[in-house]
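There are 2 protein chains.
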Amino acid sequence: MSTKHTKLTVKDLQPAAGNGLFDRRALFKGGAALAAAMSGYSLSKSAAAETLEDAEWMITQGREVPAYGAPSPMETEAVGLLKRRSSGVIGQRRTPHHLLNGTVTPSGVHFYVGHAGLPNVDPDQHKLLIHGLVRQPLIFTLDSLTRYPMETRMAFVECGGNSAPFFSPEPIQDTVQALHGMSSCSEWTGVMLSTLLEETGIDPRAKWYISEGCESIAHTRSVPLYKGLDDAMIALYQNGERIRPEQGYPMRMLLPGWEGNMNVKWLRRIELTEMPGMTTGEVRSYADVLPNNDVMLFNFINEVKSFITHPSPGFMMNGPGFYEVSGIAYSGRGRVSKVMVSADGCQTWAEAALQEPVLPKAFTRFRLPWRWDGGPAVLQSRAWDEADHAQPTRAEILAWRGQSEKVPAVTSFPSHHYNGPTSWSIEPDGEVNNVYV
Amino acid sequence: MSTKHTKLTVKDLQPAAGNGLFDRRALFKGGAALAAAMSGYSLSKSAAAETLEDAEWMITQGREVPAYGAPSPMETEAVGLLKRRSSGVIGQRRTPHHLLNGTVTPSGVHFYVGHAGLPNVDPDQHKLLIHGLVRQPLIFTLDSLTRYPMETRMAFVECGGNSAPFFSPEPIQDTVQALHGMSSCSEWTGVMLSTLLEETGIDPRAKWYISEGCESIAHTRSVPLYKGLDDAMIALYQNGERIRPEQGYPMRMLLPGWEGNMNVKWLRRIELTEMPGMTTGEVRSYADVLPNNDVMLFNFINEVKSFITHPSPGFMMNGPGFYEVSGIAYSGRGRVSKVMVSADGCQTWAEAALQEPVLPKAFTRFRLPWRWDGGPAVLQSRAWDEADHAQPTRAEILAWRGQSEKVPAVTSFPSHHYNGPTSWSIEPDGEVNNVYV
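Protein sequence lines correspond, in order, to chains A and B.
Heads up: the first sequence begins at 24 in my numbering, then just goes up one per residue.
Heads up: the second sequence begins at 24 in my numbering, then just goes up one per residue.
Derived by calculation from the structure, the hints in this document are not laboratory data.
Keep in mind it's a predicted model, so treat the numbers as computed, not measured.
Misleading hints may appear alongside valid ones.
Chain copies aren't distinguished; within one or between two, either way the pair holds.
[To be verified] List of simulated lysine-lysine pairs, DSSO-like, C-alpha gap at most 27 Å:
hint : residue 1 : residue 2
1    : 250       : 150
2    : 230       : 68
3    : 361       : 106
4    : 106       : 230
5    : 68        : 250
6    : 150       : 230
7    : 150       : 68
8    : 429       : 361
9    : 230       : 361
10   : 150       : 429
11   : 361       : 250
12   : 106       : 68
13   : 250       : 230
14   : 68        : 361
15   : 150       : 361
16   : 429       : 68
17   : 429       : 106
18   : 250       : 429
19   : 106       : 250
20   : 106       : 150
21   : 230       : 429
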């Protein structure tokens, strides 16, 4: 995690790629290189030029400590972006990635997509039924589940409709929250579905299972049984505490690396079947019509992806000089193996540092030192995963999936599983814009 | 993280230690062993015996999704335990470990110790001064700090006064929240102090630095400079978002593995010095008088420790049968290397499974399958770290540190750095009590 700092030689100070991107090793080798890279631009101020005065909050009694804390009242921006459906109900909350750092998403701003609001589930009355092609159908209460062996893991969840704006013919000018905010990462703890299926037994004819939620629309999705026996979890805890209402309190299906809406929330029923249920979620909402009019069903995996969060649209660059370029990478196939960053619109590339520990199917924070000379620049990141998949170019995705005529909605096509690159242009006046390169 | 499940042989089902503790490998080898171990005790119910009815929340519209979420309104217990000082101000908030799971502590219930409430710091006005024995004193704003290279790491913070009740002559009957709740673990992101000191330069005479907070009492503590150049961080983010008010918004000193109050919150000043400041925090509040009247100063490191959270006092066992024994282990010296668990009052021991990834100076969740026969049992955990330190026995600690005459307070002696074992007795009626073994 932390890194011993050793002295750098001048050679380490050379940029690794065009337009001022330094080598990631400068981050590991320590402060001397960075101080040199930063010098002349005065990120800090001489203490002689300013005095440290006692602010108003140093001479007054502080606020009372609450039993359950909240962010500072000054942090009014770092909240979810809410979007209403035509029905009036809030259908989405998007994560403010441009204002966050690290790898965990705070539970308060974890993304939400839903159709019927938050059911007021009483955990003492809630039951989970596992039935269908099993030897012995069983009912589990929250109390009984907490006696089973549990596992804890970091995992991202991403909506199939995340990043849909990148299918539009012109780049949408908005924040990374609006563009990529339907992807979040938590520490989840719960009981492996395989543990419960050992108890119910499995009829050899079973090849799928159908999960059903207990919210008023009873959202249902089919999952191949092999995923259920691999890493599917009945998640009971999120970031240490009971799972939040927006993520399915008191329990959800967690399918690490698979399309968000398959991770059924407010889970109440699992039915083992021979065939998929062909539910609305799979044959309409999250199916995609391809340019040749074929319909793509069961596109489960959130493929390898990355985007730069710092800087990103909404930031104003505060003059030339040193900046850390930082962002998020992840893959539904396992660990991120490499992230490359360009500052000159994909002419030259430097390898980013990946924050340890790099965990499978979880957010990985990447970072790279950058010295902006104040001229035009285009930042882009591209990630690889341990399955040796790379982010495709936007052109490659459009050739396969087509392009939207207008800003895509979740119900327009194509609008799902965009995992191409994201490019930010840095204007000489300091503005950051979304561009297609 | 997740584990491929393979079939068990009957041999794997044998207990690994007395009173029903199974081998940790049963957790890795999968469900068959556990299902067998659990059979006959009906954690679950046959679906034939019960029907799944549509609850009230399935037939009504749900609640509106907030821009910044909160736990379910049903989760009224999983909040911090507040204690007031004689001045009336809330001096402590303790983490409800008995109701949490995983390794991250939710920011809302991260422990807090303080004297003057939460200062209403304006992040745009706040400044950090680094001065004293430096080449060039500098002032940093939050804006300037966010341009520096950052690191992200998991780290626990523990108050020196945590676990003080174990110095009392008789075991205190209370929850693990009251007994061990002044220790919490977060993902922290910020700028390494070493990066900023490369920029200020260091006078060779400097051996210490003094951190000062900007709350009304201006809490100050001295830190050896070697720690500042090792893994000390100016933490700006906690669990992905701006650090919470209770943990020092907008910035704190983070000293992974070192006594909580040295991790100065609401940080505004760092002065490099030849000698420690001999501040109230170090010569009175967190100094300990030993039985021979020597005074122990500068007892920095939170040594290796563990305690069982499930089951623990406040739980009522729900009849004999299968339970997962689970708890938290950590060390200020690095990674936890091993946790042993006994169910028969330290007669026999079984090795617990450690949840991956095991990170240095961070909470590690340990787990072990247990089949309670309904008779008397005493659960105890004992942890080792990669520096090969083990938790001492309570007798070893008392021989060195002495014993309190009454329930110790932070200002009585001895009351600090108890890292001995914790033992829970399980009574035949299902009650869980704190006992000394």
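How the hints compare with the structure:
1. 250 <-> 150: So residue 250 and residue 150 pass the 27 Å test inside one copy only (23 Å; across, 51 Å).
2. 230 <-> 68: between (65 Å within a copy, 24 Å between copies)
3. 361 <-> 106: neither (34 Å within a copy, 48 Å between copies)
4. 106 <-> 230: neither (37 Å within a copy, 55 Å between copies)
5. 68 <-> 250: between (55 Å within a copy, 25 Å between copies)
6. 150 <-> 230: Classified as within: same-chain Cα gap 24 Å, cross-chain 61 Å, threshold 27 Å.
7. 150 <-> 68: Answer is between; shortest inter-copy Cα gap is 10 Å, intra-copy 60 Å.
8. 429 <-> 361: This pair counts as neither: shortest intra-copy Cα distance 33 Å, inter-copy 58 Å.
9. 230 <-> 361: Answer is neither: 35 Å inside a copy and 40 Å across each miss the 27 Å cutoff.
10. 150 <-> 429: neither (44 Å within a copy, 46 Å between copies)
11. 361 <-> 250: within (26 Å within a copy, 32 Å between copies)
12. 106 <-> 68: neither (42 Å within a copy, 41 Å between copies)
13. 250 <-> 230: Close inside one copy (10 Å), not across copies (56 Å); limit 27 Å.
14. 68 <-> 361: Classified as neither; 36 Å inside a copy, 48 Å across copies.
15. 150 <-> 361: neither (43 Å within a copy, 37 Å between copies)
16. 429 <-> 68: neither (48 Å within a copy, 52 Å between copies)
17. 429 <-> 106: within (18 Å within a copy, 57 Å between copies)
18. 250 <-> 429: For residue 250 and residue 429, neither the intra-copy (36 Å) nor the inter-copy (56 Å) Cα distance is at most 27 Å.
19. 106 <-> 250: neither (32 Å within a copy, 47 Å between copies)
20. 106 <-> 150: Neither. Shortest intra-copy (31 Å) and inter-copy (37 Å) distances fail the 27 Å Cα cut-off.
21. 230 <-> 429: Result: close neither inside a copy nor across copies, 39 Å intra and 63 Å inter.
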